[in-house]
Amino acid sequence: MDRSYLAKRLLHALIIAWGVMTASFFLMRIGPHSPADKYLATLGAGHNVSQVTAAIESRYGVDRPLYEQYFNYINSLLHGDWGWSFSTSMPVSDLIKIHWAYSFQLIFLSSILAIILGISLGIFTAARKNTKADHIATFFSFAGISIPNFWLGMMLILIFSVKLGWFKTYYDTGLPMFSLSNLYALILPVITLATGMVAGYGRFVRSSMLENMNKDFVRTARAKGLPESVVLRKHVFRNALLPVVTIIMLDMSGIIFGGAYITEFIFGIPGLGWMSLKAVFSDDYSVVMAVTLIGAFVTLFFNLVADIAYTYLDPRIRYE
Amino acid sequence: MTSEIILSIENLKTYFFTKKGIVRAVDNISFDIRKGEILCIVGESGSGKTVTALSILRLVESPGKIIEGKIILDEDNLLELSPHKMQDVRGNKIAMVFQDPHSALNPIFTIGDQVSEAISAHKSCNKEDASSQATQLLELVGIPLAKERYHDYPHQFSGGMKQRVVIAMALACHPRVLIADEPATALDLTVQAQILDLFLELRARFEMSIIYITHDLGVVSEIADSIVVMYAGRIMEKGGSRDVLGNPVHPYTKGLMGCLPSEKGIIIPIPGTIPGLINPPAGCIFHPRCVNALDICRMERPPMTKITDEHYVSCFLGGVNG
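Quick mapping for you: the protein sequence lines, in order, are chains A and B. With our numbering as the guide, the letters of the first sequence map in order to residues 1 to 320. With our numbering as the guide, the letters of the second sequence map in order to residues 1001 to 1322.
By construction, these hints were calculated from the structure, which means they are not laboratory data. Hints are supplied without guarantee of correctness; some may be wrong.
To be verified - Using 20 Å as the maximum straight-line C-alpha spacing, the simulated SDA-like pairs for lysine to any residue come out as follows:
no., chain 1, residue 1, chain 2, residue 2
1, A, Lys234, B, Leu1059
2, A, Lys215, B, Thr1050
3, A, Lys129, B, Phe1017
4, A, Lys234, B, Tyr1153
5, A, Lys215, B, Leu1059
Stated by the list, open to error - Quick partial rundown of chain A residues pointing at chain B, CB under 8 Å, derived from the structure:
no., residue
6, Phe217
7, Arg219
8, Gly225
9, Pro315
As the list claims (entries may be wrong) - Just the calculated beta-carbon pair ranges, DEER-fashion:
no., chain 1, residue 1, chain 2, residue 2, range
10, A, Ile159, B, Glu1128, 52 to 60 Å
11, B, Glu1222, A, Phe140, 55 to 63 Å
12, B, Pro1107, A, Ser120, 19 to 27 Å
13, A, Val298, B, His1151, 32 to 40 Å
14, B, Asp1074, A, Pro315, 36 to 44 Å
15, A, Ser93, B, Asn1126, 50 to 58 Å
16, A, Val298, B, Ser1045, 48 to 56 Å
17, A, Leu304, B, His1151, 21 to 29 Å
18, A, Phe140, B, Ser1045, 42 to 50 Å
19, B, Glu1128, A, Leu304, 35 to 43 Å
20, B, Ser1262, A, Pro315, 43 to 51 Å
21, A, Ile116, B, Glu1139, 56 to 64 Å
22, A, Phe140, B, Ile1072, 46 to 54 Å
23, B, Ser1158, A, Tyr70, 52 to 60 Å
Everything numeric in this text was worked out from a predicted model, so none of it was measured. Positions of the beta carbon are idealized from the N, C-alpha and C atoms, including for glycine.
Could you build the full structure based on these sequences and the hints that come with them?
Below, the structure written as structure tokens:
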């Protein structure tokens, strides 16, 4: 890995981010709504609609020609200004500062749990291929992959909160993030988000392990007289890990911008997902664009991390 | 040859229990190998040579299973050892070099790591000791600049050099028996010759016994002290190299020798192919391809017949000039 490769990759990432930004900008402007509409809906009758609309549009600059708005947007982005949130009346950057940590906490806890459990499950089932334990794990894995997490989340609430009453509290932003009560409230959301990941990673690790168990170098390792545990841990697992790292890294953006949003919404966790869904429903242009752009950055970041991780795990790969 | 017998295989049967039926990959074979000798197992692809080698190390994988026989090393029957004790035999008393050096090394560990791992698997020594011993081994098998190349990965080596690394790994604990399964087949001709020389050198230096598996009679005539000719999981003929090559008795051995270019440059192939082993032919397994087959060959399995003290053949025409 040399510097020029990294520079090239970062330049690519910037170009892609610009593309995403441009697309989201024009897509938002195609919509029939003006930010004034929502505001007008909150006013009673008897106002001069066209006057109010003009005033609001002029305040947010949406009465200017489209290309001018576009360049103004780029200009302010470059100055670290993500725009103004119409619906909450605050700068988008402040809004993100308030909400990102809750998303990060949920995603971080779920991913760590899912990676540990998924990899363990994969190794366990690969080592016991075609036994009863493997068949049972396979059944639950397919169930875990197939169940959509909005359904799982609602079922968990129905069973454990409503029927059994074990989880009565909700995430409370008034308390510290890592307070016991908030961690307790995160149990169901983490299960909701992690189930699909555990099942998916488990299957993937299993097949990757099995593929490597048949390799000649594994037989060589056994012929050396290494204990079976070393053969599995060192020679099979290290090789099996290569494709798993890629899958997990590429999966991350899907988890963050799919599963986590819905999970946050179902459990009322005020993270980025919860924030952006609300923004979508209230036609809050700048917030939606900001979140889309963050999504692009995160995806590009994990792609880059996957590629760099590869050079450390597989000596055959060197980027020029 | 009168040196002591090191390893003795008696009535070994290794079958594969597949969905289509039982494959008798190794079917009742016996042979001995003496101290310091090179024994060549010869035969076509699919004759059970590799399965024999894997059976000796008890590395046959499911659905294969050793169902009968004895493998005696130092008065121990390897087939009765606990898995833990067997693990201590592998790489320590019996080591193996595999056919394809390109896939026999783990691509993500350095060659030094893989050689020193073979040492520390059996000897209690610290990391530095293991790595300095590994460097010596790499020098011994002819890796130039062994010290610098210790930290290189397999993909940075040529096929011949990789095979030398694999041989260094096998030599790690100075095994009594080295099994080499077609170690030169995947390599260039010139490299093949170098690897053969290396084996001869190692044998002379360490008094190791070598089981050398090949389908190449040219190689056999160069290095073998004794020969086992296998066909479809059975031994057709075995004996001292001079006896088997100089006075081949079994029609299959003669056939194999016909496949070498003669002085006139004529090659006489053996008609047909190796039979399916799920429903093998009755009687002598070679009879469908045998030019001299008699009625009895179609019905009864020929016993091992002694020709001289060191020369045995499994053929009803044994000793008869057929």
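Against the range 46 to 54 Å, how does the distance between the Cβ atoms of A:Phe140 and B:Ile1072 compare: consistent or not?
holds, 48 Å
Okay, A:Phe140 versus B:Ser1045 on CB: inside 42 to 50 Å?
holds, 44 Å
Status of the given 48 to 56 Å range, CB of B:Ser1045 versus CB of A:Val298:
holds, 53 Å
For the hint 56 to 64 Å, verify it against the beta carbon of A:Ile116 and that of B:Glu1139.
Given about 44 Å between the Cβ atoms, the range is violated.
Is the hinted pair A:Lys215 and B:Leu1059 satisfied, with a Cα-Cα distance of at most 20 Å?
holds, 13 Å
Lying within 19 to 27 Å: is that true of the beta-carbon distance B:Pro1107 to A:Ser120?
Distance hint for B:Pro1107, A:Ser120 holds at roughly 25 Å.
Within 20 Å, alpha carbon to alpha carbon, are A:Lys129 and B:Phe1017?
With a Cα-Cα distance of about 18 Å, the restraint between A:Lys129 and B:Phe1017 holds, given a limit of 20 Å.
For the range 50 to 58 Å, tell me whether the beta carbons of A:Ser93 and B:Asn1126 fit it or not.
holds, 56 Å
Close enough to count: is the Cβ of A:Arg219 nearer than 8 Å to one in chain B?
holds, 6 Å
Would the stated hint for A:Phe217 survive a check requiring a Cβ distance to chain B of less than 8 Å?
holds, 4 Å
A:Lys215 and B:Thr1050: Cα distance at most 20 Å?
This hinted pair holds, its Cα atoms lying about 16 Å apart.
Go ahead and decide if the range 32 to 40 Å is satisfied by the Cβ distance of A:Val298 to B:His1151.
Taking Cβ atoms as reference, A:Val298 and B:His1151 lie about 36 Å apart, which means the hint holds.
Checked against the numbered hints given earlier, the structure breaks only hint 21 and satisfies all the rest.
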